[in-house]
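Given the sequences, and given the hints that come with them, work out the whole structure.
Listed below are the residues making up each chain.
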Amino acid sequence: MPKTLYDKIWDAHVVHEDADGTCLLYIDRHLVHEVTSPQAFEGLRLTGRTVRAPDKTIAVPDHNVPTTPDREQGIKNEESRIQVDALDRNAREFGVNYYPVNDIRQGIVHIVGPEQGWTLPGMTVVCGDSHTATHGAFGALAHGIGTSEVEHVLATQTLIQQKSKNMKVEITGTLPPGVTAKDITLSVIGATGTAGGTGYVIEYCGQAIEELSMEGRMTVCNMAIEGGARAGLIAPDEKTFQYVKGRPHAPKGAQWDAALAWWKTLKSDEGAHWDKVVTLRGEDITPVVTWGTSPEDVLPITGSVPAPESFSGGKVDAVRRALEYMGLKPGQKLTDIEIDTVFIGSCTNGRIEDLRAAATVLEGQKVKPGLRAMVVPGSGLVRAQAEEEGLAQIFIDAGFEWRLAGCSMCLAMNPDQLSPGERCAATSNRNFEGRQGRGGRTHLMSPAMAAAAAITGRLTDIREMMPQPA
Amino acid sequence: MDKFTTLTGVAAPMPLVNIDTDMIIPKQFLKTIQRTGLGKNLFDEMRYDDDGREIPDFVLNQPAYRNAEILVAGDNFGCGSSREHAPWALADFGIKAIISTSYADIFYGNCFKNGMLPIVLPQEQVDILMEDARKGANARIAIDLESQTVTSADGQVFTFEIDPFKKHCLLNGLDDIGLTLEKVSAIDTFEAMATQARPWV
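Heads up: the sequence lines are chains C and Z, in that order. Everything in the first sequence is counted per our numbering, starting at 1 for the first residue and increasing by one. Everything in the second sequence is counted per our numbering, starting at 471 for the first residue and increasing by one.
Don't read these hints as lab results, they were simulated from the structure. Beta carbons: idealized from backbone N, C-alpha and C, even for Gly. One should not assume that every hint holds.
Ranges between beta-carbon positions, derived for each pair [unchecked claim]: (1) C:D20 - Z:G564: 43 to 51 Å; (2) Z:P526 - C:E309: 22 to 30 Å; (3) Z:F528 - C:P369: 38 to 46 Å; (4) C:A384 - Z:T506: 39 to 47 Å; (5) Z:R604 - C:A384: 52 to 60 Å; (6) Z:A656 - C:P177: 50 to 58 Å.
Written out as structure tokens, the structure reads:
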């Protein structure tokens, strides 16, 4: 029977299947950060259990760590320090792979995993973090889990799972200039809603997806969870193999050849069954921004703030609440919305290509006076590379703060936060109420669009800043 | 883990759709290294003002709902992050069951790990129970997991679907890890086979 890519990875990892279809699934890589793991390690201690596969477990602190240079003197916030210290103690005591705060390889867990070659095609990858879907860009089955499941994986290297349904999201054709992976993933959520993927694993495919770099593919898969899907994945191809080759934990020599032979089989078969199919034309996708407090509240930058009455059901009240929270009025042009702050970074858009895209817009330009703007590289290695390529200097010259790696303002568990009413152009993944700080107002967009907004001080159509064809 | 068998109690109405995990338990409370004590910060930013005073209009601050054990909620409850702090906070407050048309995937799974029952019903049945919830203690809702039924205040019985394994674990208060470790020889066998087939992993 023809199989989807998801079917193939699933089948290769089933340890045991009960009569009712409940499966025990083997986990190849378990990524761990400081926020969702302390209770799991404590659970192991209380029951006298150990970590079954410490060599397949990778720990890195990211959510709580400050991104200012003074972090080398220690974390000032006591609760954050306790959590980061707990990870340090747990990682060392249980003997798992570990990148401490002061290691240049430290960064956001979903950037570190692929960068170090831990994430490989065909693997099952889990982490106590919903944005684990990022790793699906390599043709891995990757998804977030809760802390009880973190403990379960630590103790057994397996998860109790029910298989999800198969959903295909095809982006045909080619993207117009100024349109990026972020615009694809936001547009898909806009089309399907935040619950459109619930119960499914999404495979993204089509020419526009194939033409994306690995960085772009990670951006697309990263936000699969925002569309409600368990995971998002993309079939591995030459770009994937080239990205993986030579990374510290990628296979070498004869093992590389064996791995490559298997990886090349990792694609959905002709005639495979899809429970749901969504198709968007690449040519129809435009630069988009969010206007509300759900990632599905997305519109082309040329649009206007919608009226609550234009929605139906429970969404009418939700939009009314969102507009009040966001301080916006129906009919207001999106490009008239003035911002206070720009945040470039996160597991969605904190990779080198994202920094390049933003720096291209900012070269020779200045951040609008009075605006706060920061760039937070996704890892210490991304930061070093950006410095080597001269990107850091472009950001600094433009008036951006050049920070150390971490989750930063994406979720405001560290000192990088919005104040009540502060409006932010952000390259992160969630515009929920309070997500970037209590009362903070978030507009999600691509790195290039965020850079453009930094210059003009308002939401801006990146296409206006691009050189016009002669 | 606590067993869940039957429950009759007051339900709090929260008709808002897409109630996300940042609303359920904002990020500043994720810094704990324990599972308990989060109930006082459940829905913190909706429940308290900037000075930490209760906002009287918020449903769980109203006298009728301070001891609610059930939530009746809008579509896609628990969307957003994987934080198990969300069900921990709900459980610590005293919520034992939630009724909605749909849940986010990770949140749904997390509830079962904490003895909490998330029930899925069609919109028209959720609407009836939402009306019951609006009547506070005058309209208690009854849940029976064994028979997979919810009974409204005026005696209408609605049946819900649940995965048999999850039901079994909840009814008996079983610990997943203990159950899985009974299959440790299957894991050993798989691991040996997988190491042969995919040595690079």
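Quick rundown of the hints versus the structure:
| no. | hint | in the structure |
| --- | --- | --- |
| 1 | C:D20 - Z:G564: 43 to 51 Å | violated, 31 Å |
| 2 | Z:P526 - C:E309: 22 to 30 Å | holds, 29 Å |
| 3 | Z:F528 - C:P369: 38 to 46 Å | holds, 40 Å |
| 4 | C:A384 - Z:T506: 39 to 47 Å | holds, 42 Å |
| 5 | Z:R604 - C:A384: 52 to 60 Å | holds, 58 Å |
| 6 | Z:A656 - C:P177: 50 to 58 Å | holds, 53 Å |
The structure is inconsistent with hint 1 alone, although it conforms to all the rest.
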